[in-house]
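All chains, please: the whole structure from these sequences, using the hints.
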Amino acid sequence: MERDPAVFVYGISINSHSRVFGTTAGLVEQFGKERCFETPISEETMLGFGLGASINGLRPIHVHLRVDFLILAMNQLLNMVSNYNYATAGKVKIPLVIRAIVGRGWGQGSQHSKSLHSYFAHIPGLKVVLPTTPYDAKGLLISSIRDNNPVVFIEHRWLYWAEADVPEDPYTIPLGEGNILRSGKDITIVATSWMNVEALKAAEILKRKADVDVEIVDPRTIAPLNDDLIITSVKKTGHCLVADNDWVHCGFGAEVAARVSEKCFGYLKSPVKRIGWEHTPCPTVRVLENKFYSNAETIIRLVESILQLPSADLSNEDFYSHEKHFMGPF
Amino acid sequence: MNKELSLDLYKKLFLVRRAEEYIVKHYPENEMKCPMHMSMGQEAISVGVCAALKPEDQVFASYRSHAAFLAKTEDTDLFFAELYGRATGTAQGKSGSMHLAAPNQGYMYSSGIVASCIPLAVGAAYANKYLMKPQVACVFLGDGALDTGAFWESLNVASLMALPALFIVEDNGYAVNTPVDARQSFKDLVDIARSFGCNAWKSDSTDVEVIYSLTVNAIKLSRMIGKPSLLHFKCYRYLEHVGIHEDFNMGYRTRNEYLDWYKRDPITLQRNRLSRMGYRDGELERIEGSINAKIETSIIKAKETHHPKPEELYRGVFYENNLL
Chain A
6 MERDPAVFVY
16 GISINSHSRV
26 FGTTAGLVEQ
36 FGKERCFETP
46 ISEETMLGFG
56 LGASINGLRP
66 IHVHLRVDFL
76 ILAMNQLLNM
86 VSNYNYATAG
96 KVKIPLVIRA
106 IVGRGWGQGS
116 QHSKSLHSYF
126 AHIPGLKVVL
136 PTTPYDAKGL
146 LISSIRDNNP
156 VVFIEHRWLY
166 WAEADVPEDP
176 YTIPLGEGNI
186 LRSGKDITIV
196 ATSWMNVEAL
206 KAAEILKRKA
216 DVDVEIVDPR
226 TIAPLNDDLI
236 ITSVKKTGHC
246 LVADNDWVHC
256 GFGAEVAARV
266 SEKCFGYLKS
276 PVKRIGWEHT
286 PCPTVRVLEN
296 KFYSNAETII
306 RLVESILQLP
316 SADLSNEDFY
326 SHEKHFMGPF
Chain B
780 MNKELSLDLY
790 KKLFLVRRAE
800 EYIVKHYPEN
810 EMKCPMHMSM
820 GQEAISVGVC
830 AALKPEDQVF
840 ASYRSHAAFL
850 AKTEDTDLFF
860 AELYGRATGT
870 AQGKSGSMHL
880 AAPNQGYMYS
890 SGIVASCIPL
900 AVGAAYANKY
910 LMKPQVACVF
920 LGDGALDTGA
930 FWESLNVASL
940 MALPALFIVE
950 DNGYAVNTPV
960 DARQSFKDLV
970 DIARSFGCNA
980 WKSDSTDVEV
990 IYSLTVNAIK
1000 LSRMIGKPSL
1010 LHFKCYRYLE
1020 HVGIHEDFNM
1030 GYRTRNEYLD
1040 WYKRDPITLQ
1050 RNRLSRMGYR
1060 DGELERIEGS
1070 INAKIETSII
1080 KAKETHHPKP
1090 EELYRGVFYE
1100 NNLL
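So the sequences go chain by chain: A and B. Numbered per our numbering, the first sequence spans residues 6 to 335. Numbered per our numbering, the second sequence spans residues 780 to 1103.
Keep in mind the hints are simulated off the structure, nothing from the lab. Since the model is a prediction, treat every value here as computed from it, not as a measurement. A couple of the hints might just be wrong.
So, partial list: chain B residues that the calculated Cβ filter (under 10 Å) puts toward chain A [unchecked claim]:
#1 Phe839
#2 Pro882
#3 Ser890
#4 Asn907
#5 Phe930
#6 Val936
#7 Met940
#8 Ala941
#9 Met1003
#10 Gly1005
#11 Pro1089
For glycine and all other residues, C-beta sits at the position ideal for the given N, C-alpha and C.
Below, the structure written as structure tokens:
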């Protein structure tokens, strides 16, 4: 925003006390209400507003406190934003970033927890980005803001607690490039968003317990999807597991599985496996929510089954619990 | 109103009407293969409003946009090339009639989904205000759009943020074939719009000069007090909702209703005015002849131009020269 006065941020309640989990902290103070403003609860209109502002020379960042709320604007996203370039022969810049947050845990329930990235990635004309690490979050967000195309930027709320050293100065990470989060030779895990955290935990335990070297590929951008890293990795390991932070049916994992099957057929030593959310609405109560989501333990058990390893004793392992960080109210 | 302006308005009215009459003539040849939502009967609104706009002002519209597109751009070459699906069209035929766009001529977009362009005009108005550009963002919408949430949200946002947006309601009384009184419980849009803090006027005139003057005043007031304006115009669609035929045998409206409106046909009204002003028939026929020739030339040029190359399918999904 300092670099380019055309950038502005807007959305429902973005200047309220929590400042969108801290992500808009200080903006209204530094840039004023003209460049950081709250809107009526009019998701569809305000997304069309962003398209109108972007084709007129501004760089809007439209913030949605939940992906579930962005769904109110699907008409604008799918019928207007994604088509506008095609209707103008690719001659108009649409530097529009749509940030949308995935809620989870402590009773988020069925309307505050969706991710739906495959839903957005299905639509030509949209870019879809899901950062996991702090370094990626900064570099990918800056790239998205500077991109001249609409970008849906999906942020998992739990990742706001991640800590790592990040360069002070602005930097970019090209959209459409994946990242090897962990190198290994025995099995490839392709993970999205929060599931990278679970995959890293699973990999650490698998190394310790079974001397299995997991390779984790984070595609980071799923539209456009550059599958080079995935294909190279699976050709090396011969096994592929997709851990997606979403429902499995018709999801991103199916896309990866299809590509791996097309491009690594002769290299595969086992069928591609997919994990994600159970095919139900997200329940509110914790005991059912625990069953709804996959986690590091799910990954470990599946890797053991793929590699035909005995089940390790995990009774003393410390798996991730959001309640270490978060006790409500939203 | 001076003589030149009156003539200019007539030329535009005639251009729009005649362009659609040529569509009616050629459509059965099955070379323009896309749904057509014809403006015929409603032309005075687009022509009057667009004449009141400056070249740098911006227009958004719905799928019933032939009149708005031609009134804003007068570019019959681009128009027919797109309808014929040729490489010289607005999007090389990828848009057709429903998604016309010529942003470099201030004609920003047409949407095939009711009301969907309204928020764009509000955002465009925000950018214009933010960048201190004096231009107006104008959006044409039908009475069907008044049924949608997007319209009311946009009216609220534009009023709340005091944005230089101009809402032009073309109320032809039917959403597809469903009459207004079966869809809307409110009676007076202008009263409601004013209660939002939006300047608002209504008229059932088919006189292009009345519409022009109302629009000039609306824009002037919007600029002066920094609020959006809404103009609610009653009008009549001569042809079926989509397609080139009459539909008075469909049961939802009568030929007599049409004949009542046709007595006030906007093209005839303006031509009669020109006659009263002293323009001779021969003079007007010469002008009409040259407009006919322009349209015929555009159609011939379109037909002679090649269709898009197959690889064109993939172009334009994203912006061509991407990063800053």
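Right, here's what the structure says about each hint:
1. Phe839: Since chain A brings a Cβ to about 8 Å from phenylalanine 839 of chain B, closer than 10 Å, the hint holds.
2. Pro882: holds, 6 Å
3. Ser890: holds, 7 Å
4. Asn907: holds, 6 Å
5. Phe930: holds, 9 Å
6. Val936: holds, 6 Å
7. Met940: holds, 8 Å
8. Ala941: violated, 12 Å
9. Met1003: violated, 21 Å
10. Gly1005: violated, 14 Å
11. Pro1089: violated, 16 Å
Hints 8, 9, 10, 11 from the earlier list are contradicted by this structure; the remaining hints agree with it.
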